[in-house]
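*Asks:* Required output: the full structure, derived from the provided sequences and hints.
So the sequence lines, in the order shown, correspond to chains A and B. Everything in the first sequence is counted per our numbering, starting at 1 for the first residue and increasing by one. Everything in the second sequence is counted per our numbering, starting at 1 for the first residue and increasing by one.
These are computed hints drawn from the structure, not numbers from a lab. Computed from a prediction, not measured in an experiment: that's the story for all the values here. Mixed in with the good hints, there may be bad ones.
Each pair of labels, with its calculated beta carbon distance range [to be verified]: (1) E93/A - T78/B: 23 to 33 Å; (2) I200/B - P75/A: 42 to 52 Å; (3) E93/A - E82/B: 38 to 48 Å; (4) P209/B - P75/A: 48 to 58 Å; (5) I19/A - T260/B: 46 to 56 Å; (6) N30/A - S13/B: 30 to 40 Å; (7) E225/A - M189/B: 49 to 59 Å; (8) A36/B - A140/A: 20 to 30 Å; (9) N30/A - P14/B: 29 to 39 Å; (10) T298/A - S13/B: 50 to 60 Å; (11) W18/B - E93/A: 28 to 38 Å.
Which residues of chain A face chain B? A few of them, derived with a C-beta cut under 8 Å, are [said to hold, decoys possible]: (12) L59; (13) G60; (14) S81; (15) L84; (16) G98; (17) A112; (18) R133; (19) A134; (20) M143; (21) M145; (22) L260.
Far from chain B, some chain A residues (derived; all Cβ distances over 10 Å) [as the list claims (entries may be wrong)]: (23) N47; (24) L61; (25) T62; (26) G88; (27) D92; (28) E93; (29) M107; (30) P173; (31) H215; (32) G289.
The C-beta atom is built at its ideal place from N, Cα and C for all residues, glycine as well.
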Amino acid sequence: MTTISRKTDGWAVEVHGLIKRFGTRTAVDNVDLVVPQGSVFGYLGPNGAGKTTLIRVLLGLTRADSGTMSLLGVPVPAQRSHALARVGAIVDEPRFHGHLTGRQNLMILAAARGGDAGSQIEPALDRTRLTQRADDKVSAYSMGMRQRLGLAACLLADPQLLILDEPMNGLDPAGMHEMREMLRSLADEGRTVVLSSHLLDEVERTCDHVAIVDHGKVIRQGPIEELTEGASIAVQVRCSDPAAAARALRPSVDESRISLTDDTLTVTLTAGPAEEQIADINRRLVEAGISVYGSSQTHARLEDWFLSVTSRFGGEQ
Amino acid sequence: MTQPRLALDGRGSPIPPWSLIRAKILELRRRRVLMAVTVAFTVALPVILYGIRLIYHLSDPARYAPAGAPNIFATAGTVMDEFGFIIAVALGATAGTSDLTDGMFRHLVITGRSRVALYLARIPAGLAILASLAAVGFTVVCLVTAFLGSPEPASATAVSAGDMIRSGLWLELDLMIGFTVGLGLGSLMGQRTVPIILLIVLEIIITPPLADHALPPFINGERLIVGVAMDQLKPAALAGGTTVGPGGGPHVLHLPPMPTWAMIAVIAGWIVGWSVIGAWKMATRDA
Numbered sequence: 001m002t003t004i005s006r007k008t009d010g011w012a013v014e015v016h017g018l019i020k021r022f023g024t025r026t027a028v029d030n031v032d033l034v035v036p037q038g039s040v041f042g043y044l045g046p047n048g049a050g051k052t053t054l055i056r057v058l059l060g061l062t063r064a065d066s067g068t069m070s071l072l073g074v075p076v077p078a079q080r081s082h083a084l085a086r087v088g089a090i091v092d093e094p095r096f097h098g099h100l101t102g103r104q105n106l107m108i109l110a111a112a113r114g115g116d117a118g119s120q121i122e123p124a125l126d127r128t129r130l131t132q133r134a135d136d137k138v139s140a141y142s143m144g145m146r147q148r149l150g151l152a153a154c155l156l157a158d159p160q161l162l163i164l165d166e167p168m169n170g171l172d173p174a175g176m177h178e179m180r181e182m183l184r185s186l187a188d189e190g191r192t193v194v195l196s197s198h199l200l201d202e203v204e205r206t207c208d209h210v211a212i213v214d215h216g217k218v219i220r221q222g223p224i225e226e227l228t229e230g231a232s233i234a235v236q237v238r239c240s241d242p243a244a245a246a247r248a249l250r251p252s253v254d255e256s257r258i259s260l261t262d263d264t265l266t267v268t269l270t271a272g273p274a275e276e277q278i279a280d281i282n283r284r285l286v287e288a289g290i291s292v293y294g295s296s297q298t299h300a301r302l303e304d305w306f307l308s309v310t311s312r313f314g315g316e317q
Numbered sequence: 001m002t003q004p005r006l007a008l009d010g011r012g013s014p015i016p017p018w019s020l021i022r023a024k025i026l027e028l029r030r031r032r033v034l035m036a037v038t039v040a041f042t043v044a045l046p047v048i049l050y051g052i053r054l055i056y057h058l059s060d061p062a063r064y065a066p067a068g069a070p071n072i073f074a075t076a077g078t079v080m081d082e083f084g085f086i087i088a089v090a091l092g093a094t095a096g097t098s099d100l101t102d103g104m105f106r107h108l109v110i111t112g113r114s115r116v117a118l119y120l121a122r123i124p125a126g127l128a129i130l131a132s133l134a135a136v137g138f139t140v141v142c143l144v145t146a147f148l149g150s151p152e153p154a155s156a157t158a159v160s161a162g163d164m165i166r167s168g169l170w171l172e173l174d175l176m177i178g179f180t181v182g183l184g185l186g187s188l189m190g191q192r193t194v195p196i197i198l199l200i201v202l203e204i205i206i207t208p209p210l211a212d213h214a215l216p217p218f219i220n221g222e223r224l225i226v227g228v229a230m231d232q233l234k235p236a237a238l239a240g241g242t243t244v245g246p247g248g249g250p251h252v253l254h255l256p257p258m259p260t261w262a263m264i265a266v267i268a269g270w271i272v273g274w275s276v277i278g279a280w281k282m283a284t285r286d287a
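*Replies:* What follows is the structure, given as structure tokens:
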């Protein structure tokens, strides 16, 4: 059998200048996106931001109006069949032939994949913990089981790249935990996982890289730590009199950046060296005769950062 | 995870592998209602028809001819033709739309398999089911005709082995047309109800008058309708014994007979044309 070596480092997904329009509406607007090999990549955006459209274009489910793309170093759609050989994907809600069993659905997909995909059916069922229900009709499956069957279908390809569109949709907390563990274990094997989601908490827990998409445009992308590094830092100060502490800080700190609870004063720092600002707050409070019991600082979470950069929440464009 | 190597395994080829055809047979065969109706229309129908004729003949042999009489052969063939065509259309339209309506089309496209191959796999898969069941039903017709016919010596109107073979092949061709047109139209429209209704209307309502009457304003354009061409190709044994046109039928033809090449061209045009349209839609459809 003739084989072609594939690029094994670099980008698992590379997209440049991608545009997809539906009539007058631009669903994907000049998107540039790179997904590092071996990463767990979160593709984040509000509902209707163009996440699923980008994935559908990448997988050849619909055509792009312009732009270049490659999956695992293989250009698509020019060499779509080759590119998809080691790609597994779930797009939207996973649906199957309801009158067939889970195993029979996988047999059909393995037949379409060809090669040794048929031999991957049992391991895939086993890994997704569907073996016991593999001979039940899919029409009797719960949403969580269909999500797992979708993942089993992906595993038939022994994928280097997994593209999962909202894989947590419809799952209960236990199902989400299970799916998260499964994705992590797949990533630990060196597979690249691209996860599209609007669930920021899930992305923060699961991914190491992220891209934010809004109105069809990718606004930011990179490692989560780097992206949130420049974001605001909040300092929580536990003290004897938070109200008096707030008054003591007001001459130099804008009121909008101060918030109070029963025993805690929270100050959102401005840009600049955090250490100096925290030391200044501490000094002012001591000078005002307020007893400081302790302080802690928290970096903005992905959610805060997401809300600050997406336009529909009033952030920057 | 195994080493990243890309196999040139023919997934981009438009020729469907046997495993894909077998998978489609499995998908269709497991549709219980559709299969039950297919068996009923292709096998049970001639069995019931002959059963009734057998009871009639046994109850009053002087009034009712044997079940294997030539005119009963023609009736059975016609019934199988009409109902078989409808079920062939239904099976074709189902084969052409089930992946789409069940949400499997997307999974199949993501495998990287050529969309044309996915389409073409449906043709042998559906025909394997349809042709085999029709063959069983028609074998019943032939057996009854051969063994429960008139005890008198063979007359000019007796159904010969050659007539049976020609009739069987014609019937299979008619079902093949129904299936491929149903498949193509179903794939084009993305749903099966409207194609089934349209083709039933074409077969039952539009074709019979056009097959029997020349319509001058059409400049014989009605001969482009596949049912008209098939009617002219119909073997005499199925046409009730009258012989007009190269194929022997139909029974009362006012339409100028079509040359054989024209019949073949019209039939091939419908089969190939609808297959191309269906495959094109499959290849360009958003999944």
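*Asks:* All hints, please: hold or fail.
*Replies:* For each hint, the structure was consulted:
{"no.": "1", "hint": "E93/A - T78/B: 23 to 33 Å", "result": "violated (47 Å)"}
{"no.": "2", "hint": "I200/B - P75/A: 42 to 52 Å", "result": "holds (46 Å)"}
{"no.": "3", "hint": "E93/A - E82/B: 38 to 48 Å", "result": "holds (41 Å)"}
{"no.": "4", "hint": "P209/B - P75/A: 48 to 58 Å", "result": "holds (56 Å)"}
{"no.": "5", "hint": "I19/A - T260/B: 46 to 56 Å", "result": "holds (54 Å)"}
{"no.": "6", "hint": "N30/A - S13/B: 30 to 40 Å", "result": "holds (35 Å)"}
{"no.": "7", "hint": "E225/A - M189/B: 49 to 59 Å", "result": "holds (51 Å)"}
{"no.": "8", "hint": "A36/B - A140/A: 20 to 30 Å", "result": "holds (21 Å)"}
{"no.": "9", "hint": "N30/A - P14/B: 29 to 39 Å", "result": "holds (34 Å)"}
{"no.": "10", "hint": "T298/A - S13/B: 50 to 60 Å", "result": "holds (57 Å)"}
{"no.": "11", "hint": "W18/B - E93/A: 28 to 38 Å", "result": "holds (32 Å)"}
{"no.": "12", "hint": "L59", "result": "holds (5 Å)"}
{"no.": "13", "hint": "G60", "result": "holds (6 Å)"}
{"no.": "14", "hint": "S81", "result": "holds (4 Å)"}
{"no.": "15", "hint": "L84", "result": "holds (3 Å)"}
{"no.": "16", "hint": "G98", "result": "holds (7 Å)"}
{"no.": "17", "hint": "A112", "result": "holds (4 Å)"}
{"no.": "18", "hint": "R133", "result": "violated (17 Å)"}
{"no.": "19", "hint": "A134", "result": "violated (15 Å)"}
{"no.": "20", "hint": "M143", "result": "violated (13 Å)"}
{"no.": "21", "hint": "M145", "result": "violated (15 Å)"}
{"no.": "22", "hint": "L260", "result": "violated (52 Å)"}
{"no.": "23", "hint": "N47", "result": "holds (20 Å)"}
{"no.": "24", "hint": "L61", "result": "violated (4 Å)"}
{"no.": "25", "hint": "T62", "result": "violated (4 Å)"}
{"no.": "26", "hint": "G88", "result": "violated (8 Å)"}
{"no.": "27", "hint": "D92", "result": "violated (8 Å)"}
{"no.": "28", "hint": "E93", "result": "violated (8 Å)"}
{"no.": "29", "hint": "M107", "result": "violated (6 Å)"}
{"no.": "30", "hint": "P173", "result": "holds (26 Å)"}
{"no.": "31", "hint": "H215", "result": "holds (21 Å)"}
{"no.": "32", "hint": "G289", "result": "holds (63 Å)"}
Of the numbered hints given earlier, the model fails hints 1, 18, 19, 20, 21, 22, 24, 25, 26, 27, 28 and 29; all others are met.
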